[in-house]
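*Asks:* Chain by chain, the residues:
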Amino acid sequence: MEIFSGLAIGFHAALTPFNLLYCLIGVFIGTLIGVLPGLGPAATVAMLMPASFVLPPVSSLIMLAGIYYGAQYGGSTTSILVNLPGEASSIVTTLDGYQMSLQGRAGVALATAAIASFFAGTVCTVIIALFAPPLAKVALRFGAPEYFSLMVLGLVASVVLARGSLLKAIGMIVLGLLFGIIGTDVNSGVQRYTFGVKELMDGIGFVTVAMGMFGIGEIILNLEREGATDRVVAKITSLMPTREDWKRMVAPILRGTALGSFLGILPGGGALLASFAAYSVEKKVSKHGAEFGTGAIEGVAAPESANNAGAQASFIPMLTLGIPTSPVMALMIGAMVIQGVQPGPSVMTDQPALFWGVIVSMWIGNLFLLVLNLPMIGLWVRLCLVPYHLLYPAILVFCGIGVFSLSNSEFDVHLMALFGVMGYIFGKLECEPAPMLLAMILGPMMEEHLRRAMLLSRGDPTIFLSRPISLGILVVAAVALVAALLPAIRAKREEAFKEE
Amino acid sequence: MTDWKAIGESKDFWSGVIFLGVGVAFVGLGRHYPMGTTMRMGPGYFPMVLGGLLASIGFILMVRALLRPGPGVGRLAYNKVALVTLSNVLFALLLRRLGLAAALILLVVVSAYASKRFRWPVALTLAVGLAVGSSIIFVWLLGLPIPIRGTWLGG
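Residue numbers (our numbering), protein chains in the order written: chain A, 1 to 500; chain B, 1 to 155.
Possibly wrong hints are sitting among the right ones.
Stretch by stretch, here's where chain B covers chain A in the computed footprint (C-beta under 8 Å, at least three residues) [said to hold, decoys possible]:
1. 5-18
2. 184-192
3. 209-222
These aren't lab readings, by the way, just hints derived from the structure by calculation.
None of the values given here were measured: they were computed from a predicted structure.
We put the CB at the ideal spot given by N, CA and C, even for glycine.
Please model the complete structure; the sequences and the hints are all you need to start from.
*Replies:* Following this line, the structure appears as structure tokens:
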């Protein structure tokens, strides 16, 4: 059995003391940023990337992955205890989680969140181990047209799943693709839009853009909303769910995991959408639907399992196809490239220790989170009460040092400041930055594959429709786009995003 | 009656203006790059198509906003944008000249000033703490090649 030998390689790679340590550091930092409001995983992964370059590839990816799913755990803690989502993907958890706290059931809510997340994480690890290898094998046969179509699908999905206006999301995609063009054209060597600036010759670094738009831009947006709210922390009493609680959380966890795994694979889906979708589905199908919003345990179990499943499932397209489905995955791909690993279907065969090591480390990381988080809850609570006016200058310090050390260049700091302003403006205009960043990273690859496909077909664009796999992918993309435009589904989509 | 005030504040309208402007700029600045043919695409092909597409999206957004302006942008926090941006730019300009420690103190104090809960003693303590901590972690422990004391301070 290939899976078992693969998992054995994975355990071998992940269980070295060195990698265990970095897994632990990763989930610890992840929980930390999940707890701290106003600091998202994309900005954190971007900030820590320069520090991870000193590590071997396996350790660095294990750590970065740990940050990502650790953040999903941490985000729920503050949602439940202080009604303050540390992470966008745990916004819905506040609805019932905080209500449970007010009823003196904060401990149970936290335990439910932890159990739901751990279960989802475990299932997702198995799903990745089962589905990634066959997917990678199929992908090995992909040519330029298939890759181009796949990226089209990726961008379409990120548009469909973005919140707000479709047209604006498409605009952000095209904007991202255009930003991706800046730099030296690989085919002709022509400098495009560099204006003789030598720092632009290699293109705009996406870490810089991510830090600017998700780090700096968010800070300005948060400062604008800054209020003098007093945060009241709920008391934690018993952690143990009752028999009734156990009975009520099983089905929502199963449904949340299934939904999260599915949505996580889709580009642009990930943890955020998974948690929203799981909550609204659960509200409809649950026998206790009427109790939602008043402290229903299902309202914690479903979104918490879904966001963790979604976070982890988004590794599938990243590891097997080399295609990012979210800004964080894009950063992970960037980390791989800098570490000298070419992302794509060949990672599994060429670097089995890396591929399986990362997968196995996710399960180990989830175990760490389950064991460590509940006893450390006191520390996390104190951290989430750190006032924002002390927190954001520290974030700026880390962003500044991080972006400078990417290539020891002041230019990157200026660029980050510029993208910070852009992030703020787009935030005010309700234009989502995530599809833009995704497009910026996919842009150069897309252009390359498009040119190659056109050369292959002697300029005949029907090549994308005459190759069955490519056609199939494009049909899925078209169906998704048309579906998003249909009035009925459109209303549903808006409703799903409105459940705040 | 067209409600010009609502249009002038419309989020959709201004998104459209930005998209149109950037699209036109990319087409204009890239017009000399060789287009090539569909079979052998030159470096100008992709930017021209995308620039045109972005400009069209921007145009549609603007027209749509003229008919139905939608929600307005609201007040912009110019001073906060300016302070946060200034803190970053100062940091970049002075990093090598003043060194990491002094540049960080400036970065923290200037950016902290953007908060309405700003207090001098708190900000200065935070600044010194972060400067000392970062110097230890990033320069001494991680060995980043950044001078702690810059050229202006005789470093």
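*Asks:* Determine for every hint whether it applies to the structure shown.
*Replies:* Now the hints, each set against the structure:
no.: 1; hint: 5-18; in the structure: violated (count 0)
no.: 2; hint: 184-192; in the structure: holds (count 5)
no.: 3; hint: 209-222; in the structure: holds (count 3)
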